[in-house]
Each structure stands twice: as structure tokens, then as C-alpha cells.
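Using the hints provided, position chain B relative to the given structure of chain A.
2 protein chains.
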Amino acid sequence: MELLKERIRKDGVVKKGNVLKVDSFLNHQMDIQLFNEIGKEFKRLFAACPINKILTIEASGIGIACIVAQYFDVPVVFAKKAQSINIDGEVYSTKIESFTHKKIYDVIVSKKFLNENDKVLIIDDFLANGCALAGLIDLVKSAGASIEGIGIVVEKGFQKGGDLIRSKGVRLESLAIIEGMNDETGEIFFRD
Amino acid sequence: MELLKERIRKDGVVKKGNVLKVDSFLNHQMDIQLFNEIGKEFKRLFAACPINKILTIEASGIGIACIVAQYFDVPVVFAKKAQSINIDGEVYSTKIESFTHKKIYDVIVSKKFLNENDKVLIIDDFLANGCALAGLIDLVKSAGASIEGIGIVVEKGFQKGGDLIRSKGVRLESLAIIEGMNDETGEIFFRD
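These protein sequences, in sequence, are chains A and B.
Residues in the first sequence are numbered consecutively from 68, following my numbering.
Residues in the second sequence are numbered consecutively from 68, following my numbering.
Chain A extracted, bound-state conformation (with noise of 0.2 Å):
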């Protein structure tokens, strides 16, 4: 999607240990033009799918799975990051190791909320080793539902995450794809 690697290309920066920063625009503050942009971009690549729910994580998936969803038309559920004592007992979960903060979370979605007869559509905002998503996967098969596909905003392309979902035959659309990244000059490479 040009848009949005000239928005990254832009605003963008890159750190030192290949952190890239898209926190001005994407995930902390968000630029909700740009995300229905991505709306329709994701209608458009998996418009042949009978999507009927959108499930993403908190919390900086929220944003654009909300947004997306008005282009499909769907609700949206958010699997939550630990046990909260108003969720009923009643969950799926799982547990995601993020190397961001260095920690294992338990992550659950009430089970009213994701059944067999759900055709999901994963939504997140990035792709790195692919934890997260390999724990919404897990949410997903344990309820019996299906995936119809998932949709990333910005994939690391040379973290091995991209590659393991591939490797489990989902469907993986991700609207920009980083090969490399320089953080002397702050240039930022993507696959083609």
C-alpha cells in the first residue's frame, strides 16, 4: 500500500536494535484518515471472504480493527491481556510472550463471543516474531471458528513472524513489508 509506506518513509523513525517508531500516526497517536485508507484497502483484499467478525488484541490493535469493520460491516472483539475480574469465567485463552515488555501475558476472549460458526478476519498492527498473532490463532481454533485471513499494518519482513503464520497456511496480507532498516540514516527498505 504506497500511502502508507510514504507514511512510514515520512513519519517513521528508525531506533537503534531495529525498533521502528510509527507512534506519531499508528500507535499512540492515530490517524484515523490514514486508518480508513486501510479500511478499504483490507476490504479490497479479502472482499471474496464471508468475514462476519474482526478479532484483534489490545491495545493498539483496537483502533484499527474499529475502523476496518466499517468496511465489512462486522463487529469486533478484542481479546484482552489478563484476567479481569469482569470477564466471566467462561474464556478461551492462551498466553503471549511479548518482547516489548519483556513478560508472558494470559490472553482471553469470552466465549460468548467467538463460536464455531464465526469466519474471523485478524486485524493487528504489527507483525514481528508473530507471538501475538500465533496466540490469536490459538484463541481462534479453540473456538472452533475459522480463519479467513489477517490483515497486518506493518510486518518486520526480517523477523521470522511473517514466515511462521505463512507456514500454517493462513492467509497473511500485511500492507507494508520491511526488509531493513538503517538507523544512522534513518532509511527504511521494503519489499517490493
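Keep in mind that the hints were calculated from the coordinates and are not lab data.
This one's a predicted model, so the numbers in the text were calculated from it and none came from an experiment.
Don't take each hint at face value.
Pairs involving identical chains hold if they fit within one copy or between any two copies, as the list cannot separate such chains.
Derived DSS-like pairs: lysine-lysine, alpha-carbon spacing no greater than 27 Å straight-line [to be verified]:
1) 88 / 148
2) 107 / 82
3) 88 / 178
4) 235 / 169
5) 77 / 169
6) 169 / 227
7) 186 / 83
8) 170 / 235
9) 72 / 179
10) 148 / 162
11) 169 / 88
Relative to the frame of chain A, chain B by itself:
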């Protein structure tokens, strides 16, 4: 907002201890069509305010804030719970006590995304004791920005948060204010 009250009566579940579960449409599964009606209503209420940014807090405020933002054509910034290594050191921070999770969070916003030129509409899904809102107000004040108003979807009118926030002289609009609930009959009573 009558449509919202009807939905709360229909799908809200009253639990012991004055707990109202609206997770089937508001804060776990999210009804995006309803969120759009909520967005139109906040736009109607705050149409005269020169709002250039919406501020919310992760996680369940984000979806509503993003849909509402479309009616104001402004970006959303969400305050983050706890320090992340992906956040620059330059942040405003405050502490928020969560009664639901029985702990105190550090909550931060990058200084890049909130400053003295910002005219902020704060959006959140729930108002009960007001701790989260007081923290968001604190962040806006730290940045020297102005608070044009606060939009809440569901206020528990029998808890102290609403009075606390209104006593600060901030304009607070709640789309549904609950005066009481009966966990035996499931009845929910709204303020007129």
C-alpha cells in the same frame, strides 16, 4: 441517548456488587454501528467546541474514540498504561487507581502528541469512581492543553466520579447515566 439506553436495557447484564456488564456491545465485543451513532451524538453535543484532538485511555476507550474522531476529523491519542521501552523518555505521566484490577497504574502520553495548542475532547466508555478521568485531566493539564469537554458512554450516576469531575468545572456529557440496578430482577434505572 435513547438508542443506547434501549441497548443497555436489552443486552446489559446486572451482576451482584453493582456490576453492569455491557461486554456484548461496548467493551469486549464492539458494535461499530452503535459506535457510529455514539459518534454522531457526541458531535451534536460538542459541535460548537474547537476540538483538534481526542484523548482516551487504553484499552476499551480506543475503539469508541476512533469512531467518534471521524465526526470531528481529528486524530486520537490514547494514554498508555505502564512504561513501554518503545515510548520515548519524554512523556507526561500520572497515576491511576483501578478498582476493577485492584492496582495502581502509571499512565503516560508522549509530549510529542499533546501540547499547549491542543483543544482536547476526552472520550471513554465508562465513568464510575472517576479515577481514570481524573488521570486524563491531569495529563492534559500537564501538557498545558485545554479540555473542551469529556464524553462518556455509560456513567454510573450512583458512584462519585460524575460529581467529582463536574465539580472541577469541566463540561461532562454522559450518554446514559445509571441511577441504580437490581441484580435480582435485572432492572436498570436511568437518570432522566
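Hint check:
1. In this homomeric assembly, residue 88 and residue 148 come within 27 Å of each other (Cα to Cα) both inside a single copy, at 22 Å, and across copies, at 18 Å.
2. Within a single copy, residue 107 and residue 82 get their C-alpha atoms no closer than 30 Å, and across copies no closer than 40 Å, so neither meets the 27 Å cut-off.
3. When the C-alpha separation of residue 88 and residue 178 is checked against a cutoff of 27 Å, the pair qualifies only between copies, where the shortest distance is 15 Å, while the shortest distance within a copy is 35 Å.
4. In this homomeric assembly, residue 235 and residue 169 come within 27 Å of each other (Cα to Cα) only inside a single copy, at 25 Å, whereas the closest approach across copies is 39 Å.
5. For a Cα distance limit of 27 Å, the shortest separation of residue 77 from residue 169 qualifies neither inside one copy, at 29 Å, nor across copies, at 42 Å.
6. For a Cα distance limit of 27 Å, the shortest separation of residue 169 from residue 227 inside one copy, 18 Å, qualifies, whereas the shortest one across copies, 37 Å, does not.
7. When the C-alpha separation of residue 186 and residue 83 is checked against a cutoff of 27 Å, the pair qualifies neither within a copy, at 39 Å, nor between copies, at 34 Å.
8. Taking the closest pair of Cα atoms, residue 170 and residue 235 come within 27 Å of each other only inside a single copy of the chain (25 Å); across copies the shortest separation is 39 Å, beyond that limit.
9. Only between protomers do residue 72 and residue 179 lie at most 27 Å apart by alpha-carbon distance; the minimum there is 22 Å, versus 38 Å within a single protomer.
10. In this assembly of identical chains, the alpha carbons of residue 148 and residue 162 lie at most 27 Å apart whether taken from the same copy (9 Å) or from different copies (20 Å).
11. With identical chains, the CA atoms of residue 169 and residue 88 are at most 27 Å apart within one copy only, with a shortest distance of 18 Å there and 32 Å across copies.
Checked against the numbered hints listed earlier, the structure breaks hints 2, 5 and 7; every other hint is satisfied.
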